[in-house]
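**Q** Fit chain B to the given chain A structure using the hints.
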Amino acid sequence: MGIYPPSLEKLIEQLSRLPGIGQKSATRVALYVLRSDRDLAEGLAASLLEVKEKIRFCSTCHNLTDDDPCAICRDGRRANGSICVVEGPGDQLALEASGIFKGRYHVLNGVLSPLDGIGPEDLTISHLLRRLEPEGIEEVILATNPTTAGQATASFLAGLLSERHPRITVTRIALGIPMGGDLKYMDQMTIEYALRTRLPVTP
Amino acid sequence: MTLHSSSAIIMRTWEFGESDLMVSFFTPKGGCLKGVAKGARKSRVRFANCLDLLCFTRLEYEQKKEDGLYFLHSGILIHAFPGLRADFSSLSLASYMIELTEILFPVGVAAERMFDLLQGALSALDEEKQIDSFRILFEAKAMTLGGYGIDLSRCCVCGRTYQGEGRALFRRGKGGIACLKCGQESERSPGLGPATVNALNAIQSTSWDTSQALGLSASMIREIKPVLKHHIEYRIGQRLKSAEFLSG
Chain A
17 MGIYPPSLEK
27 LIEQLSRLPG
37 IGQKSATRVA
47 LYVLRSDRDL
57 AEGLAASLLE
67 VKEKIRFCST
77 CHNLTDDDPC
87 AICRDGRRAN
97 GSICVVEGPG
107 DQLALEASGI
117 FKGRYHVLNG
127 VLSPLDGIGP
137 EDLTISHLLR
147 RLEPEGIEEV
157 ILATNPTTAG
167 QATASFLAGL
177 LSERHPRITV
187 TRIALGIPMG
197 GDLKYMDQMT
207 IEYALRTRLP
217 VTP
Chain B
15 MTLHSSSAII
25 MRTWEFGESD
35 LMVSFFTPKG
45 GCLKGVAKGA
55 RKSRVRFANC
65 LDLLCFTRLE
75 YEQKKEDGLY
85 FLHSGILIHA
95 FPGLRADFSS
105 LSLASYMIEL
115 TEILFPVGVA
125 AERMFDLLQG
135 ALSALDEEKQ
145 IDSFRILFEA
155 KAMTLGGYGI
165 DLSRCCVCGR
175 TYQGEGRALF
185 RRGKGGIACL
195 KCGQESERSP
205 GLGPATVNAL
215 NAIQSTSWDT
225 SQALGLSASM
235 IREIKPVLKH
245 HIEYRIGQRL
255 KSAEFLSG
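Protein chains in written order, with my numbering: chain A, 17 to 219; chain B, 15 to 262.
Next up, chain A with everything else stripped away, as it sits in the complex (with noise of 0.2 Å):
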């Protein structure tokens, strides 16, 4: 038996189920919440019930959404020719905060790690494919994270989309120092990325 009383306990335990929160973590929260007024658990709740209610992955671009298709593959605006391939809904929104892509995304809902058993075919590639000609697109921006596994996918689409549809433009972001860094800190392989795919500069 716990310190607390039972119902109390209860809501601990499933706070400490969600990821990064411990047990002292989960105490707080559920401490907090119990001083608060009854909105904020009322509201708490619905939200909960709500985003497993409507949160679906858009059928086209495979971003979490609530109307499908989502916002950004309803926007006419948004057809320009050039789709973002990115790993996951975290990946597309930080692209979109930036405000500078106006193209559409295609969300991978992965990478390849063999490691994992994960392969080509528990990501979202064939969609991908299948998106390229009816939507017009004339360049794919590979936007997977600079890790093994996010270059290996990017490797790989490279090589499908050059096999499959050679007149596409495949680009990948660019990697290098990061804005505010210390090349004193920079590892030798983001030196020499930076070093190989350096800009002329004009004044």
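It is worth saying that the hints were derived from the structure and are not from the lab.
Note that the structure is a prediction, hence the values are computed from the model and not measured.
We treat Cβ as the ideally placed atom computed from N, Cα and C, and that holds for glycine.
Among the hints, erroneous ones may be present.
What the hints assert, rightly or not - Cβ pair distances, simulated, as ranges:
| no. | chain 1 | residue 1 | chain 2 | residue 2 | range |
| --- | --- | --- | --- | --- | --- |
| 1 | B | A124 | A | G126 | 45 to 55 Å |
| 2 | B | K188 | A | G175 | 53 to 63 Å |
| 3 | A | L56 | B | A124 | 47 to 57 Å |
| 4 | B | K79 | A | R33 | 54 to 64 Å |
| 5 | A | R54 | B | H93 | 31 to 41 Å |
| 6 | A | K26 | B | E76 | 35 to 45 Å |
| 7 | B | Q252 | A | L111 | 48 to 58 Å |
| 8 | B | L228 | A | A95 | 51 to 61 Å |
| 9 | A | S178 | B | H93 | 26 to 36 Å |
| 10 | B | K79 | A | D82 | 19 to 29 Å |
**A** Only chain B this time, still in chain A's reference frame:
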């Protein structure tokens, strides 16, 4: 607690908490170890690009508790094997090598020669895309280092010394070869020519570099491949996840 500094190959990583990483890494003196890299997903200074899968790094770590978990202080990337990132079949084979190493050398089993083998194999795969040949070399050597070398010296049924006369067949239950008087070639008991037996013997007993120089012919690769497949599946008792992405 003692602070260790060692070269290591990153085998797996898992996100842990808000900004930490749980890392499984293989070292020459300590074998496969697990540790927590605090703040590794936010701080790019202490662990600049060195905790990515399959990276060859130098890590500083100490034992956190008696439970075998380590605390990673910092790391420097030595080599990232970019060739493995550029090709899915190379990544699949490298992942297979990692998975086989994890099974043969579980947490805490020291294996300096296994570390050299893994590093040598990843370096070779980084430079050349000889998937079938490198797979065979690695499998035969790793199994030998793990104590599961194939006995090629004598017939495992009648005990007669094998002197390279005629074909032999592989008996997975015995982990060795048998002469044709003691059995017949079949799908479960694949046959090996005398030159292939010699080559397999050399692979099991020499270094990675020497084995690479052997130059296995296509027919040798065809003969050795099913033998090692049966041998590994029988000894390990499972099919590795990454094997799904390798042909054959």
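**Q** List, from low to high, the hint numbers that the structure doesn't satisfy.
**A** 1, 2, 4, 5, 7, 10
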